[in-house]
Amino acid sequence: MRYLFALMLLLVPILGVWTFVEADRWQLWFPQNVSSFGGEIDGLFNLIMYMVAFTFIVTEVALAWFVFKYSANRPGKGVFTHGSHKLEMIWTAIPAVALLFIAFAQMETWAKVKFESNFPKDGKYTKEKPIAELWASQFDWRVRYPGDDGTLGTVDDLERSYEFVVPVNTDVVFHLRSRDVIHSFFVPEFRLKQDALPGHTIPVWFRAEKEGIYDLVCAELCGWGHYKMSGRMTVLSQADYDKRMADIKAEWFSNGKEQGQ
Amino acid sequence: MSQATTHAPHNPHLEPGEGEAGTVREHHDHHELGFLRKWIFSVDHKVIGLQFLFSGLVFLALGGMMAMAIRYQLAWPWRPMPGLAWMFPATGGAISPEFYTMLFTMHGTIMIFFVMIPLLTGAFGNFLIPLMIGAPDMAFPKLNMFGYWTMIPAFFFILLGFFVEGGHAAGGWTSYPPLSTIEAAAPGSLTGQTCWLMGLTWVGVSSMMGAVNYVTTIVKMRAPGLTMMRLPLTIWSLMITSLLQLFALPVLTAASIMQLLDRTMNTGFFTPTNLVVNNITPDSFLYGSEGAAAGGQPLLWQHLFWFYSHPAVYILVLPAMGFTSDILAVHARKPIFGYKPMVYSMSAIAGLGFIVWGHHMFTSGMNPALGMTFMVSTVMIALPSAIKVFNWLGTLWGGRIHLRTPMLFACAFVSMFIIGGLSGIWMAATPVDIYIHDTYIVVAHFHYVVFAGSLFAIFAAIYHWFPKMFGRLMNETVGKIHFVGSFVFTNMTFYMMHQLGVAGLMRRTADPYAYDVYQHLQPINEFITISAFCMFAWQIFFVVNFFHSMFWGKRVGRNPWNAASLEWDAPSPPGHGNFDKQLEVYRGAYEFSSPEVAEDFIPQTRKV
Ligand code: HEM
Ligand SMILES: [Cu+2]
Ligand SMILES: [Cu+2]
Chain C
0 MRYLFALMLL LVPILGVWTF VEADRWQLWF PQNVSSFGGE IDGLFNLIMY
50 MVAFTFIVTE VALAWFVFKY SANRPGKGVF THGSHKLEMI WTAIPAVALL
100 FIAFAQMETW AKVKFESNFP KDGKYTKEKP IAELWASQFD WRVRYPGDDG
150 TLGTVDDLER SYEFVVPVNT DVVFHLRSRD VIHSFFVPEF RLKQDALPGH
200 TIPVWFRAEK EGIYDLVCAE LCGWGHYKMS GRMTVLSQAD YDKRMADIKA
250 EWFSNGKEQG Q
Chain E
0 MSQATTHAPH NPHLEPGEGE AGTVREHHDH HELGFLRKWI FSVDHKVIGL
50 QFLFSGLVFL ALGGMMAMAI RYQLAWPWRP MPGLAWMFPA TGGAISPEFY
100 TMLFTMHGTI MIFFVMIPLL TGAFGNFLIP LMIGAPDMAF PKLNMFGYWT
150 MIPAFFFILL GFFVEGGHAA GGWTSYPPLS TIEAAAPGSL TGQTCWLMGL
200 TWVGVSSMMG AVNYVTTIVK MRAPGLTMMR LPLTIWSLMI TSLLQLFALP
250 VLTAASIMQL LDRTMNTGFF TPTNLVVNNI TPDSFLYGSE GAAAGGQPLL
300 WQHLFWFYSH PAVYILVLPA MGFTSDILAV HARKPIFGYK PMVYSMSAIA
350 GLGFIVWGHH MFTSGMNPAL GMTFMVSTVM IALPSAIKVF NWLGTLWGGR
400 IHLRTPMLFA CAFVSMFIIG GLSGIWMAAT PVDIYIHDTY IVVAHFHYVV
450 FAGSLFAIFA AIYHWFPKMF GRLMNETVGK IHFVGSFVFT NMTFYMMHQL
500 GVAGLMRRTA DPYAYDVYQH LQPINEFITI SAFCMFAWQI FFVVNFFHSM
550 FWGKRVGRNP WNAASLEWDA PSPPGHGNFD KQLEVYRGAY EFSSPEVAED
600 FIPQTRKV
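Line by line, the protein sequences are chains C and E.
For the first sequence, position 154 (counting from the first letter as 1) is numbered 153 according to numbering that gives the first Met the number 0, and the numbering increases by one without interruption.
For the second sequence, position 223 (counting from the first letter as 1) is numbered 222 according to numbering that gives the first Met the number 0, and the numbering increases by one without interruption.
The hints are simulated quantities; they were obtained by calculation from the structure and are not laboratory data.
Among the hints, a few may not be true.
Said to hold, decoys possible - Mimicking DSSO-like on lysine-lysine, the simulated pairs with C-alpha atoms at most 27 Å apart in a straight line are:
1) 76/C - 37/E
2) 339/E - 76/C
3) 209/C - 248/C
4) 339/E - 85/C
5) 606/E - 68/C
6) 479/E - 339/E
7) 76/C - 479/E
Only a predicted model underlies this, so the values are computations on that prediction, with no experimental measurement involved.
Bound-form chain C, shown alone:
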């Protein structure tokens, strides 16, 4: 019996590690990364993964081994011990250092992505002059571009639903807002997530480094239609971006005007 149970416990680390090793081949791993900070986030994930994997293997194998080895079939009594002060110190101190190391290793990237003081300041788009306002509402995304004057809330604002177009290799800052309940802006390829909070305007920045079309996902439960609250993130070269903006503008002023915008 103990063979079976020890084997079952041993299969946990073996299959557990194996699925992680194979995951990439099964397309069960990170989607491609296209943002400037995404690589760092993946790196931090991997750093933790290696430390976690080490602990996982050591503890799980020890568990399986003890269950196998210290069976009741052995003659005599068990070892009569109430613990070891020295061991306690060791296995308190080492994990403590490792955990603090993990925590400190995160801080720079976190600050880079989320601290407003670190937002791009010199580029075309800043916290004060965002590329657009992204409005979430049940169950769609609407982008409002500031138009030629670069200022939101003026008559030349352009509105467009579903698709958010941004230029490649540019620091982009946008304002995230919600009209009704909480939603969340999530683009897996950017490694970026930020909740849209009704009553608040939250600035968000990223820099997409590869042209393409990516899914914009709502990641916070927002009602029955949450599953279909999809949008599209389109990253274009600067030239294509300018052209597309001109199209959007033409379209908006031809059929948007009489809707009383």
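Using the hints provided, position chain E with the ligands relative to the given structure of chain C.
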């Protein structure tokens, strides 16, 4: 109701058990109580414990069925469920999106508030505390009875919600406003959410009464000689859990009442200015002048909710850790390795548990500097968890391990808790959590700690203390079969959710394949669903074993496992007043394999 007239639920005519010669409890002046007094309006802690146990198991079955429906939808979205057309005539048996949101909301709510908390603290807290500290009953037996009675309105409201217009609450078990407070935002926010809030508030009242009772009982009613540092770790864990309840629950209760007021009186605590939901301006704005502001804060709810609910997740695991410690020591015939570090680390988990709630809100819009501090405290809470794991391994090391069913489940708890604890570190890391928050990694994490962890510990505890509850053993062979299937299928169900999370799959979506990025994940979800069905079906071995053994199991004496703690000094099952002899405690609960005596254990009451 006078205590002197209540009696043991069973007539404990015992045969000597495997371990020792059981003294049969003397029964003079034996007059039977009616069914009502004995089982319904009982003030006996053991009966109240069993009441919590049975209602918890019933809700476990209900929550489990909801999980199966959730899994069905994730594997085969919108496909009619075979044989269920009568339940959903409008869709021919398929799950609608509205129904799906309600399903996972109520699955989470029921599992946490109506299964795990009542089972861990209500059932085992009640049953074990007086027995393990050598007391005749709780300090306040009537309060204890009220503690179960207040669950009745909780049951009523939480079940009522399924039948009201719009269906039950559908804002997630976390019920973030404004989704949960504004009627136009979700069908479940019509009336269902009010039922949800009422249900939870009553559970809170019940837990509060329980917690007061447990702490008082443990502090005041220990048998002579039973110092705090001689208590079994189960008792420590229940005591610390009760303190968590006492300090954290008032916050949840206040928050629920605020949400209730928002919903019924339009107070707008959580409603920000200028909402337009579903093209409707919520009522709260209509009471003021034009352009009036509700001026509320959605994040306020999240802070209050998690201030309770993070400690609550430790309420969901600390007692399980306690049970595991006791069961490992008894069946490995070894003293707990590092008893004091175990007590300190549980206390540290409880203390740190109050300053980590913000890790649920890293991407919520909360000040990112605050996120940084919450990261540090969260990462540090993994430390006491790690210490506990090492000490469990130390306890097994050098033991004489009897692989009986309770021991198997307890070892599985350790194995599974390691997985759940380690995935917590990823999510504690703020930049990584930007990506994995609200993905299936979170789902994997909490199912490993709560399902594969705590629920397995509950199974361990049921198998272990069943002889004390009913005077009979559960069947070993069936128990082992139950274990093997549960362990295998549980891992098949939950393990690959880690990879789904890394692939970016978000939780709480009715149809992930509406997005291109997630389309290739369907086969894995199908595999998970089939595993989950098998795991659910496998529980039949438990159900049959449980009820069969209750009536026809092998009778045992007081101490079938040769355990050292006090509950095994009482008859199985114990009569009213629990103990038939004067207790005097001389040592801790873990004197196994001691060289002092010929046997491999020394009961706490034995003087050497
Ligand atoms: C080793 C210590 C642990 C750490 C570091 C940890 C960390 C975390 C973090 C950071 C989150 C938030 C993830 C997110 O939403 O992005 C989380 C979620 C959660 N944790 Fe843990 N955790 C630990 C142990 C536990 C334990 C022991 C339990 C319960 C028994 C638990 C239950 C939960 C639950 C239920 C959630 C999900 C809540 C929700 O959003 O629905 N965790 N954990
Ligand atoms: Cu959503
Ligand atoms: Cu938490």
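Exercise for the section: Run the structure past the numbered hints and jot down the numbers of the failing ones, going up. Expected result: The structure breaks hints 1, 5, 6; every other hint is satisfied.
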